[in-house]
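Under the UniProt record's numbering, the residue at position 100 of the sequence shown is numbered 100, and the numbers go up by one with no gaps.
Do not take every clue at face value.
[As the list claims (entries may be wrong)] So the derived label-pair ranges between C-beta atoms look like this: (1) E4 with E51: 19 to 25 Å; (2) P84 with E55: 28 to 34 Å; (3) R12 with G34: 17 to 23 Å; (4) A11 with S49: 28 to 34 Å; (5) T5 with P88: 30 to 36 Å; (6) D50 with H13: 21 to 27 Å; (7) K53 with H13: 19 to 25 Å; (8) T81 with D50: 27 to 33 Å; (9) R37 with H13: 21 to 27 Å.
The set of hints was computed from the structure by calculation and includes no laboratory data.
All C-beta atoms in this analysis are idealised placements derived from N, C-alpha and C, irrespective of residue type, glycine included.
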Amino acid sequence: MTAETILALLARHAPEFRAAGVTRMAIFGSHARGDARPGSDLDIALRFSDEAKAEGFAYFGRIEALRDRLQALVQQPVDITVEPVRSPELQASMRADERVAFE
1 MTAETILALL ARHAPEFRAA GVTRMAIFGS HARGDARPGS DLDIALRFSD EAKAEGFAYF
61 GRIEALRDRL QALVQQPVDI TVEPVRSPEL QASMRADERV AFE
């Protein structure tokens, strides 16, 4: 699946993800760069609303449910990174090749 196809799919489902507290979604890594190989996972960066983050342990369940939903949509393994990340180096690396689905 191309980056454009993935981004269009994620954008079409933006209302569903927004209802789950996601305020921003982007892909990064090999799929964003266009050099993914068969079996590559899809790296997705999510940013959540303050309200969603304030839900305690339910917040972590929400992340797992979103990962499962995303994997069902794209039919491949998904690795989720929640932003902002603590490491400035990781954040810079993500931003270098990210492609935003919605914000």
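Tested hints:
About 32 Å separates the C-beta atoms of E4 and E51, a value inconsistent with the hinted range of 19 to 25 Å. Between P84 and E55 the beta carbon distance is about 18 Å. The supplied range of 28 to 34 Å is therefore violated. The given range of 17 to 23 Å is respected by R12 and G34, whose C-beta atoms sit roughly 21 Å from each other. Checked against the hint of 28 to 34 Å, the C-beta distance between A11 and S49 comes to roughly 18 Å, which is inconsistent with it.
Taking 30 to 36 Å as the suggested C-beta distance range, the pair T5 and P88 conforms, at roughly 31 Å. For D50 and H13, the Cβ-Cβ distance of about 22 Å falls inside the hinted range of 21 to 27 Å, so the restraint holds. Separated by about 21 Å at the C-beta atoms, K53 and H13 satisfy the suggested range of 19 to 25 Å. Taking the beta carbon of each, T81 and D50 are about 18 Å apart, not inside 27 to 33 Å as hinted.
The given range of 21 to 27 Å is respected by R37 and H13, whose C-beta atoms sit roughly 25 Å from each other.
When the structure is compared with the earlier hints, violations turn up for hints 1, 2, 4 and 8 and for no others.
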